[in-house]
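Colleague: Chain residues, written in single-letter form:
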Amino acid sequence: MNEAAEGARPKARRAISQGDFNRILTGVLGAGVLVLIALGAAIVWLALKTGDYNDWVDRTYVAQRRVVAFMGAVEQAETARRGYLLTSTPAQLAGYRAARAAAKVELFQLAEATQDNPVERANINRIKPLLAWKTKVNDDSVALVAAGRREEAIRAFPAEQALQPLLGIRKVTDDMMAEERRLLDQRVERQKNAVRLLTAVGLSAAALLGVLSLVSMLAMRRFAEDLTQAQGALRTLNQTLEQRVEDRTADLTRANQEIQRFAYIVSHDLRSPLVNVMGFTSELEESMKPLRALIRWIEERDTDGRLPGQVKQAVDVDIPEAIGFIRSSTRKMDGLIGAILKLSREGRRVLHPERLPMEPVVEGLLSTVKHRVDELGGEAVIEGTLPDVVSDRLAVEQVLGNLIDNAVKYHSPTRPLRIAVRGSERNGRVVYEVADNGRGIDAKDHERIFELFRRSGPQTQPGEGIGLAHVRALVHRLGGVITCVSALDQGAVFRLSLPRVLVPIEGLSP
Amino acid sequence: MTDQKPVTIVMVEDDEGHARLIEKNIRRAGISNHIRHFTDGTSALEFLFNGPDGPLLNGPSLVLLDLNLPDMSGIDILARIKAEPAMKRMPVVVLTTTDDKIEIQRCYDLGCNVYITKPVNYESFADAIRQLGLFLSVIQVPEASA
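Quick mapping for you: the protein sequence lines, in order, are chains A and B. Those letters in the first sequence? Residues 1 to 510, per the numbering used here, in order. Those letters in the second sequence? Residues 1001 to 1146, per the numbering used here, in order.
If you're looking for bench data, these hints aren't it; they were derived computationally from the structure. Quick caveat: nothing in here was measured; it's all calculated off a predicted structure. Check the hints yourself; a few may be wrong.
Unchecked claim - Pair ranges (Cβ atoms, derived):
hint : chain 1 : residue 1 : chain 2 : residue 2 : range
1    : A       : Leu488    : B       : Glu1016   : 49 to 55 Å
2    : B       : Asn1113   : A       : Trp297    : 44 to 50 Å
3    : B       : Glu1016   : A       : Phe453    : 26 to 32 Å
4    : B       : Glu1046   : A       : Glu299    : 53 to 59 Å
5    : A       : Ala250    : B       : Asp1040   : 35 to 41 Å
6    : A       : Thr253    : B       : Tyr1108   : 25 to 31 Å
7    : A       : Met288    : B       : Asp1040   : 31 to 37 Å
8    : B       : Glu1016   : A       : Glu299    : 33 to 39 Å
9    : B       : Asp1071   : A       : Ser412    : 56 to 62 Å
10   : B       : Asp1071   : A       : Glu346    : 31 to 37 Å
11   : B       : Asp1071   : A       : Glu464    : 31 to 37 Å
Claimed, not checked - PhoX-like mimics (lysine-lysine), calculated; alpha carbons at most 25 Å apart, straight line:
hint : chain 1 : residue 1 : chain 2 : residue 2
12   : A       : Lys136    : A       : Lys104
13   : B       : Lys1101   : A       : Lys342
14   : B       : Lys1101   : B       : Lys1082
15   : A       : Lys332    : A       : Lys409
16   : A       : Lys289    : B       : Lys1024
17   : A       : Lys409    : A       : Lys444
Glycine included, C-beta positions come from ideal geometry on N, C-alpha and C.
Construct all of the structure, not just a fragment, from the sequences and the given hints.
Modeller: Structure representation (structure tokens):
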């Protein structure tokens, strides 16, 4: 049966404990939160960065627009000057003047827009003399026309070097456009990089979260498996438990029956020779009567003292004394054997659990010792209330009665006797205490006093050391425990703990 | 006992001392019948069933039976006697130290006529045997029905 039970127990396996599982889960969730925070930070950073890039790109576009506008104004001035050379109308002159002013303004604004770029600043510085030169050539030509020397101005046109600064300006603005394009490319590239970085961060975060959720899922699955397994083991254990209890009970019953049988046989077989010892002692005593009569008869006639003194001594003193000792010893032995027999019989008695109103029960027991307690000038009381118990009435009465008797018997002569019976209830068990202020029991004897034929302290009271052995045997049968708390001359407390409801074990009583 | 054939008392008792004490006290009660004593079950059964002067072949008998014998239980002897048609009417007095209720019931179930527990105290013991003797002096024992 033991083997079956061992087999049913699951093999020892490295199982995830609740604590491990919690740690793993917390770790995984914590890591997941960290990854999410990092991802959020990266996104915010990139958004800010993108805003920056957009600003920069805008500025590039603005710079490019300014370059174009400036170039437009320069070209406009040239076109208006040529128109004035051909037509000499005041409208053309006004157009020229407006374009000339616009070119100056546009250059200023262009310089403003590209101020942060040293390359463009250098370009602006290259443009400035070229624009001044060009403006001078234009102004000279317009002044000639205004002075009415149009032909002279037209004649000078092919020769004049008006085209040269214009070409120079065009070249520089082309450079500026190229520079701005380069900047734009560079900035777009940076933004692309940032997006790539964000993508990479996002992907790795997703991968990391995936791994973490996989880990937590595995842990959870493992935990769930362990849980299922533990439940299975528990179920098996529960199922086998009943069987095991039954087996143990059967073992116990067998052992109990064997002990009782043994006690019975021993007491019975010891009794048999005792009958002979007692019987033949009586026969011997009977035979002594005629013998003694004979001695008397001889004595009466023995005037010269021929009857030896030893004969008289033997018949009158030695033999009766020997017979007396044989008798008292056999009587004592009979008592002891009777005690064993009583214990074994008590063990065989069928218990009848019933609800015991403990206060009347204990009052009844106390009233049986009242007379002796009164004689001693003491008192025996119930302290507080006593919880009721469902148990065997006779056994409980015998146990408590024995304890109360002992309390009276072993009182201290130096103080008035006080016996208190107390009770309490906890965890489905009731506890009764019989406390006295008697002579007490030495700590080394606390276990011994419950053994058969063992007694403690000065042997001033009659007894055979049976009472407490009987008490303990009874208490064990009632499923209880009895202990003793005491010190010499400090009184004694016998504490009896019983199940609140006695469930007799089937088969324990034959 | 009666004016018929004298009744033989068959005593099955393993303890010589007990046997002697029983005999003495029966005699003190004035019983003078012949007492056959056996200290073990085997020889007692041999006498009961095959003895040339045993109860099967010879006159009426009465059995004083102890239950605790070295070679068998007195209950076995009781059962054998009560199962034998020729002997089942023979009175059997179980005289033993056992006072176990179940044993007593079993003996009566098997047909024992009287069950007496030997008291340990000698005065009670002597008294019980003497009373048994008085009892034996008045009971009627049937003829052996062989």
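Colleague: Hints first: check each against the structure and report whether it holds.
Modeller: Going down the list of hints, with the structure as the test:
Checking the proposed 49 to 55 Å range against Leu488 of chain A and Glu1016 of chain B shows it holds: the Cβ atoms sit about 51 Å from each other. About 48 Å separates the C-beta atoms of Asn1113 of chain B and Trp297 of chain A, a value consistent with the hinted range of 44 to 50 Å. With their beta carbons about 30 Å apart, Glu1016 of chain B and Phe453 of chain A fall inside the hinted range of 26 to 32 Å. Range check, Glu1046 of chain B to Glu299 of chain A: Cβ separation about 54 Å, and the 53 to 59 Å hint holds.
The hint said 35 to 41 Å for the Cβ distance between Ala250 of chain A and Asp1040 of chain B, and at roughly 36 Å that hint holds. Distance hint for Thr253 of chain A and Tyr1108 of chain B: a CB-CB separation of about 28 Å, consistent with the stated range 25 to 31 Å. Between Met288 of chain A and Asp1040 of chain B the Cβ separation comes to about 34 Å, which falls inside the hinted range of 31 to 37 Å. Take Glu1016 of chain B and Glu299 of chain A: their Cβ atoms lie about 37 Å apart, and the range 33 to 39 Å holds.
For Asp1071 of chain B and Ser412 of chain A, the hinted distance range of 56 to 62 Å is satisfied, since their beta carbons lie about 58 Å from each other. Separated by about 32 Å at the C-beta atoms, Asp1071 of chain B and Glu346 of chain A satisfy the suggested range of 31 to 37 Å. In this structure, Asp1071 of chain B and Glu464 of chain A meet the distance hint of 31 to 37 Å, their C-beta atoms being roughly 36 Å apart. Distance check on the hinted pair: Lys136 of chain A and Lys104 of chain A sit about 13 Å apart at the alpha-carbon level, within 25 Å; holds.
Of the pairs offered as hints, the one joining Lys1101 of chain B and Lys342 of chain A holds, with about 14 Å between alpha carbons and a cut-off of 25 Å not exceeded. Between Lys1101 of chain B and Lys1082 of chain B, the direct Cα distance comes to roughly 21 Å. Compliance with the 25 Å bound is thereby established for this hinted pair. With a C-alpha separation of about 21 Å, the suggested pairing of Lys332 of chain A with Lys409 of chain A holds against the 25 Å cut-off. Using a Cα cut-off of 25 Å, the hinted pair Lys289 of chain A and Lys1024 of chain B holds, with the two alpha carbons roughly 17 Å apart.
Annotation: proposed proximity of Lys409 of chain A to Lys444 of chain A holds, straight-line Cα distance about 20 Å (limit 25 Å).
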